[in-house]
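Line by line, the protein sequences give chains A and B.
With the first letter of the first sequence counted as 1, position 27 gets the number 27 in the UniProt record's numbering; the numbers rise by one all the way through.
With the first letter of the second sequence counted as 1, position 254 gets the number 314 in the UniProt record's numbering; the numbers rise by one all the way through.
Since the hints were derived computationally from the structure, they do not count as laboratory data.
Don't take every hint at face value.
To be verified - Derived pair list, reagent style BS3-like, types lysine-lysine, alpha-carbon separation capped at 27 Å: (1) Lys183/A / Lys155/A; (2) Lys183/A / Lys82/B; (3) Lys89/A / Lys26/A; (4) Lys89/A / Lys14/A; (5) Lys158/A / Lys80/A; (6) Lys183/A / Lys174/B; (7) Lys204/A / Lys80/A; (8) Lys14/A / Lys80/A; (9) Lys185/B / Lys183/A.
Said to hold, decoys possible - Just a sample of chain A residues kept apart from chain B, beta carbon distances all over 10 Å, derived: (10) Phe11; (11) Leu18; (12) Phe45; (13) Gln48; (14) Leu49; (15) Val54; (16) Lys55; (17) Trp118; (18) Arg128; (19) Ala145; (20) Ser181; (21) Ile186; (22) Ser201.
Where is the CB? At the ideal position from N, CA and C, for every residue including glycine.
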Amino acid sequence: MSSDAKNTAIFTVKAQRLRRRVWLLKLVIHCAALLPLLAIYSLAFADQLGADPVKAVMHFTGIGGFNLLLLTLTVTPLAKTFRAGYLLKVRRLLGLYSFSYGLCHVLSFLAFEVQFDWRLFVAEIIDRPYITIGMTAFTILLALAITSVSALQNKLGKNWQKLHNFVYVAALLIAWHFYWSVKSNIVEPLIYLLMVLVLLSLRKQKISRWLR
Amino acid sequence: QRHDLAYQQAADTQQVLTPEAKIISHNNFYEFGTSKSDPMDNSQTFKVNPWQLSISGAVDKPYVLDYDQLFRQFPLEERIYRLRCVEAWSMVIPWLGFPLAQLIKKAAPTSRAKFVAFETLYDPKQMPGQASRRIGGGIDYPYREGLRIDEAMHPLTFLAVGLYGKTLPPQNGAPIRLVVPWKYGFKSIKSIVGIKLVERQPPTTWNMLAAHEYGFYANVNPEVDHPRWSQASERRLTTGGLLARNRIATLPFNGYGEEVAKLYKNMDLRKYF
């Protein structure tokens, strides 16, 4: 075998190994994100989730979506630090799961919390600053989810990145939404805010370029 | 740990009761943690016997009740009350206990008794929320509440020592707690050790923590929203899961207006919320 052919063979084996790794990682993400969501909703429908299944579902989807967003934002720094470029291939999936949790959060608020009282739904979004902020963040995530399809990504070109930088704004808004939604225990929201700030500080240069 | 109590049954009120399992697992009792399930999880070794409840202040005959006397000093009756939490959920609970007025009268209050101040047990060894600000939600303990004397003497104002036929579980405020059904739930202070008749409006816990969100009076009022959510409606927790259509309109004074509105005749309830 020539050395070129040998290199190609090694490369193919490596590529295969990475593809399998990405495939496995995606499988883990699907299981870890989807199964708990299904479990929570089936327990809640069956009234097996404590005294107030509505609140339980709201908290689970809210915190779960925030966790997934933070995880999404961790992918790039991780990939850079460990020179593991293949990690970037699961970023979109994580982001879409974060959005899906957010969607469940908003739909559960509409269907189970205000129970399709549309006037109350709209009034709450307008009158309650923490819900206004939450809805703003959700709108950003919605725009990012829609434009995450490859076709739109190519079409938007340079603007795509600009648009998707708004994920940083969304993360800050969600931390704020969390902070404002609790009655007195601000420790947990502050820890989340700190995590967001750390993740943003890792992108200091990029963000300052973007803001300029 | 809970034992049966003898009591006079309430007349049927036609209200759908919240199941006991929900009443004892969904509690705001920050002394045991801030999530709804924390109090049940963290209070099961809480010691309620021996207990001492002192009645003091502007009274001629101050006295102390020990654990057994809490159940024997006054005849126990059942009261089925709606409990409306300031967080916009509500329950219907069959309490056992006696009117607060009976306890106060026995102490012979003087003319200086204008308000009643209540205090929860302070025991950081038993109450992890008091030992750690993180667990206890940043509240300055002991938890304190207060009523105007006419509110305290109102026949609806109740001291509960049990629910659903048995003594209270710790998470619901054992061995003795206040129940003021026309006010938001946080007024109904749990695990009381001190009741003091005083001349001036006493400081109260949630009001000290966030005065613009929680007033001293805290009467249930659909027209005065919490700054961060609407109080116009509530979700009644009974049975049924996610699909339960349990959102109902909140009534002024939690539906007890006929009995208590007169206490606030000339007051601006937007100012004194």
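Quick rundown of the hints versus the structure:
1. Lys183/A / Lys155/A: violated, 45 Å
2. Lys183/A / Lys82/B: Cα-Cα ~21 Å, so holds.
3. Lys89/A / Lys26/A: holds, 9 Å
4. Lys89/A / Lys14/A: holds, 16 Å
5. Lys158/A / Lys80/A: Judged against 27 Å, a Cα distance of about 22 Å means the pair holds.
6. Lys183/A / Lys174/B: Outside the cut-off at roughly 30 Å; violated.
7. Lys204/A / Lys80/A: Holds, because 15 Å separates the two Cα atoms, which is no more than 27 Å.
8. Lys14/A / Lys80/A: Within the cut-off at roughly 19 Å; holds.
9. Lys185/B / Lys183/A: Measuring from Cα to Cα gives roughly 25 Å; hence the hint holds.
10. Phe11: Consistent with the label, Phe11/A stays out of reach of chain B, its closest Cβ about 52 Å off (over 10 Å).
11. Leu18: At roughly 42 Å from the nearest Cβ of chain B, Leu18/A sits farther out than 10 Å, so the non-interface label holds.
12. Phe45: Since the minimum Cβ distance to chain B is about 5 Å, Phe45/A lies within 10 Å and the statement is violated.
13. Gln48: violated, 7 Å
14. Leu49: Per Cβ check, Leu49/A is inside 10 Å of chain B; nearest 7 Å; violated.
15. Val54: violated, 6 Å
16. Lys55: The assertion about Lys55/A is violated, with a minimum of 7 Å to chain B.
17. Trp118: Since the minimum Cβ distance to chain B is about 13 Å, Trp118/A lies beyond 10 Å and the statement holds.
18. Arg128: Given a closest Cβ separation of 6 Å, the condition is violated.
19. Ala145: Ala145/A is indeed farther than 10 Å from all Cβ atoms of chain B, at 24 Å.
20. Ser181: For Ser181/A, whose nearest Cβ neighbour in chain B is about 7 Å away, the distance does not exceed 10 Å, so it is violated.
21. Ile186: violated, 7 Å
22. Ser201: Since the minimum Cβ distance to chain B is about 25 Å, Ser201/A lies beyond 10 Å and the statement holds.
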